[in-house]
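Going down the list, the sequences are from chains V and X. Quick note on numbering: the first sequence equals residues 1 to 220 in the working numbering. Quick note on numbering: the second sequence equals residues 1 to 316 in the working numbering.
The hints are simulated quantities; they were obtained by calculation from the structure and are not laboratory data. All values reported here derive from a predicted model rather than from experimental measurement. A virtual CB, placed ideally from N, CA and C, is assigned to each residue, including glycine. Where hints are given, some of them may not hold.
Said to hold, decoys possible - Ranges between beta-carbon positions, derived for each pair:
id : chain 1 : residue 1 : chain 2 : residue 2 : range
1  : X       : Phe206    : V       : Asn96     : 24 to 32 Å
2  : V       : His79     : X       : Gly38     : 40 to 48 Å
3  : X       : Arg134    : V       : His79     : 42 to 50 Å
4  : V       : Val173    : X       : Leu313    : 20 to 28 Å
5  : X       : Leu267    : V       : Ile51     : 44 to 52 Å
6  : X       : Glu141    : V       : Asn96     : 36 to 44 Å
Claimed, not checked - Pairs of lysine to any residue residues, derived as SDA-like cross-links and limited to a Cα-Cα distance of at most 20 Å, are as follows:
id : chain 1 : residue 1 : chain 2 : residue 2
7  : X       : Lys288    : V       : Pro98
8  : X       : Lys288    : X       : Val276
9  : X       : Lys288    : V       : Asn25
10 : X       : Lys28     : X       : Arg46
11 : X       : Lys30     : X       : Gln257
12 : X       : Lys288    : V       : Arg89
13 : X       : Lys28     : X       : Pro39
14 : X       : Lys50     : X       : Gln34
15 : X       : Lys54     : X       : Gly38
16 : X       : Lys288    : X       : Pro198
17 : X       : Lys288    : V       : Gly21
18 : X       : Lys50     : X       : Phe74
19 : X       : Lys288    : V       : Val3
20 : X       : Lys288    : V       : Gln27
21 : X       : Lys50     : X       : Ile16
22 : X       : Lys28     : X       : Ser285
23 : X       : Lys30     : X       : Glu283
24 : X       : Lys28     : X       : Ser203
25 : X       : Lys288    : V       : Met1
26 : X       : Lys28     : X       : Val12
Unchecked claim - To be clear about the criterion: a stretch of chain X counts as covered by chain V if any three or more of its residues have a C-beta under 8 Å from a C-beta of chain V, and this derived list gives those stretches:
id : stretch
27 : 13 to 23
28 : 297 to 309
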Amino acid sequence: MAVIFALDALTGAVFLLTTLGVVANRQVLASLQLFIAQSLLLTFSAILLGIATHSLHLFAVAAITVATKTVLIPWVLRHTVSSEVYRTREIDRVLNIPSSLLIAAALVVFAYAVANPMLSAVHTPFAKINLPLGIAAMLLGIFTVVVRREAVPQLLGLLALENGVFFAGVAIVPDLPVIAELAAAVDVPVVALVVGMLTRRIHVRLGTTSVGRLVALRED
Amino acid sequence: MATRILYNLLQVLFIIAVAPLVEGVATKLKENLQSKRGPSIFQPYRDLWKLFHKDEIVSDYTSWIFRAAPYVAFAAPIFVALLIPVLTRYPLFFAFMGDMLGGGFILALGGFFATLAAVDTGNPYGPMGASRTRMVGFLAEPVFIVVFLTVSFVAGSTIPYIVQLRWVTPIANFFEPSHILLMSAFLMLILAEDGRIPVDSPSGAFELAMIERSKSLEYSGRGAALMKWAGAMKFLVLICIFLNVLVTPWGLAAGTQPIEVLVAIPLVLLKILGFVLILVYIESSLAKLRLFRITEFLGAAFVISVVAMITRLSEI
Chain V
1 MAVIFALDAL
11 TGAVFLLTTL
21 GVVANRQVLA
31 SLQLFIAQSL
41 LLTFSAILLG
51 IATHSLHLFA
61 VAAITVATKT
71 VLIPWVLRHT
81 VSSEVYRTRE
91 IDRVLNIPSS
101 LLIAAALVVF
111 AYAVANPMLS
121 AVHTPFAKIN
131 LPLGIAAMLL
141 GIFTVVVRRE
151 AVPQLLGLLA
161 LENGVFFAGV
171 AIVPDLPVIA
181 ELAAAVDVPV
191 VALVVGMLTR
201 RIHVRLGTTS
211 VGRLVALRED
Chain X
1 MATRILYNLL
11 QVLFIIAVAP
21 LVEGVATKLK
31 ENLQSKRGPS
41 IFQPYRDLWK
51 LFHKDEIVSD
61 YTSWIFRAAP
71 YVAFAAPIFV
81 ALLIPVLTRY
91 PLFFAFMGDM
101 LGGGFILALG
111 GFFATLAAVD
121 TGNPYGPMGA
131 SRTRMVGFLA
141 EPVFIVVFLT
151 VSFVAGSTIP
161 YIVQLRWVTP
171 IANFFEPSHI
181 LLMSAFLMLI
191 LAEDGRIPVD
201 SPSGAFELAM
211 IERSKSLEYS
221 GRGAALMKWA
231 GAMKFLVLIC
241 IFLNVLVTPW
251 GLAAGTQPIE
261 VLVAIPLVLL
271 KILGFVLILV
281 YIESSLAKLR
291 LFRITEFLGA
301 AFVISVVAMI
311 TRLSEI
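Okay, chain X solo, but in the shape it has when bound:
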């Protein structure tokens, strides 16, 4: 019992500690691919350190929502990290609290507060970004629902620990068409949810073109640091769900020995590195879509997920 609580906390610590690193590696690799040197992979940590030591300025016209939003956004991925398999193959102490839908709701709650906070400010770019995020969210929602529906239908459960076993026992299940289609639909979802190219440019500095990033423009100091960190953590949590539940459920700790859990850390990091490489390739080879083309992108994701469901329902 005590070890399971401990591992669960370790899992949360892993998410908190590694999230800026993943972002740093992604930025560095992307710059390298464009023949630039790029910032150090530890740059996000330095940014966070700097922001935490700066003064925080809050506009007089904002309400408590603006002040609460960074904490809610920061807490949401932590709660999800308690539920999903990050390092271990077996459910940990808090995993009974919610299934994948629960995790989705918690992540959505963080996003909801960030949106409210963006509308709360007097900054015109905030509400604009907020409404755009909602637009992307509305389009992504049906895909999420169909993906979860299919996954839970395949595995007969919405508990991520049961789902991940279903894909690899026997290994032939891995090559099921519905699995491959679900993977591609979910990858497109991650790109949309995290504001990556082709939906949004994560490194863009032009407010009019921003979708995801303009929501936290008004934050400074600690609020900005928390929002930035929360964004990186949400991304990492999504990657963990994608890799550990849907795509490659290997390399996770199977036993309860401390050494097995510790060995799982570099293996999971390796998987994440592989994913980041693919992500960087996608981001570098595509152009950002115009705002109203996003419907096409997510429409394609929706059709792929529906086809995955059909192929599953017709039992091939």
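Excised from the complex, chain V in its bound form:
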């Protein structure tokens, strides 16, 4: 048990690192790869918790996560959005990288501060690790959407947020009904597909996916 706890803590640490990477790196493709890594870590955490709590549901979560987030969503995103987008670097951001990283650190502190009072209400030992890190990943995902100006990284921020919710969820509610997981499994790829198609249309029409520039409404 102690070993599983330690491994889960380690997974959580690397999970947070990948999330920070999604916030801070410049390359679009690297963001996608970091998101895949983050999903794999979520899977790993779910498996560890499944072993520890003897919960079959968590193995279902792990299987669904692998199938959708490391295979399906990257495939959808790679095929809907043209490969030109993945080669680009994001030059202009709302904030530069050092200050966005500092804000990210503050968000992590905030997540721990928020999670602490909640922990007294949850009685699973793993919540101590997963709940604050999941909330942190959630906040960082929102922050990514705010701070980045390319469409695909913004979507990845949204998906990182979703991963964060799951990361906290697997620890708080080990026996989540499978229907909820299945709903998420269907929902999220559809979101990815819709945003991917939209991005593709924008890219075809405007030659850019920099959402930050799309500020004026034009009628014609």
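The hints should help you fit chain X onto chain V, whose structure is shown.
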């Protein structure tokens, strides 16, 4: 008592003797990875030998600082080697003199003198490199402080010999998130401090792009040899702190028998080889960052170390 002094001196000798070899191995492996043959791993020794036998030319416009700097820079890593665990798990005779912060200060002193010496010359590249080194230094400083703070908070001590035991007893401590995060932050620090890619290119010959190396451009003969050797030793000392205190405190001599200490030498060398392999991989797979991107690199290191501290403070 006498054996402890002896081992302590052995430790210093190890650092002095092995430092050029580590650099040679790193260069060779890096060239091999790029499908080139590369110089022999003993090339740094030959370079040092050659430089020691050359005449030394000192500009008329320099002061005593320029002449003293190589000796200070050379002495600094030696003093640090007295304090840190290089071969043994228990504190040796001189280890009472300072903790990890003391070691950091001594290393910084060597760097400070090298910077002053670079400004002392009339060479325009010297002051440029010096100011850049200071810039990297200013950015690295908060990371250093947070890392040390967290490490000392975890172990309840700033003595490296106590810290290294804390990470492996029990072994579950090794997988603590704060430990892993600290390791990655410190690795980024080593890359920045030693002027490795992605912060600086150690083998670059273009003065305008240099950060660390341009400080010793004006040196020739013995001064150049000492600066080169001092750089290699500083790198090795940083590796030893990283490996023996933070990452893998195994393979060190536990007893006071001479044979145990001698066995520790190849084991430590093996660990260093492993680290050099990782370093070479990092250096070969990344590109050098532009000067003003270094803030991003060290900003990331800072955030990682802060997150390590937070996870530690919230007791998970």
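- Hint by hint, which ones does this structure get wrong, listed from lowest number up? Hints 5, 6, 11, 14, 15, 19, 25, 26 and 27 are the ones this structure does not satisfy, whereas the remaining hints hold.
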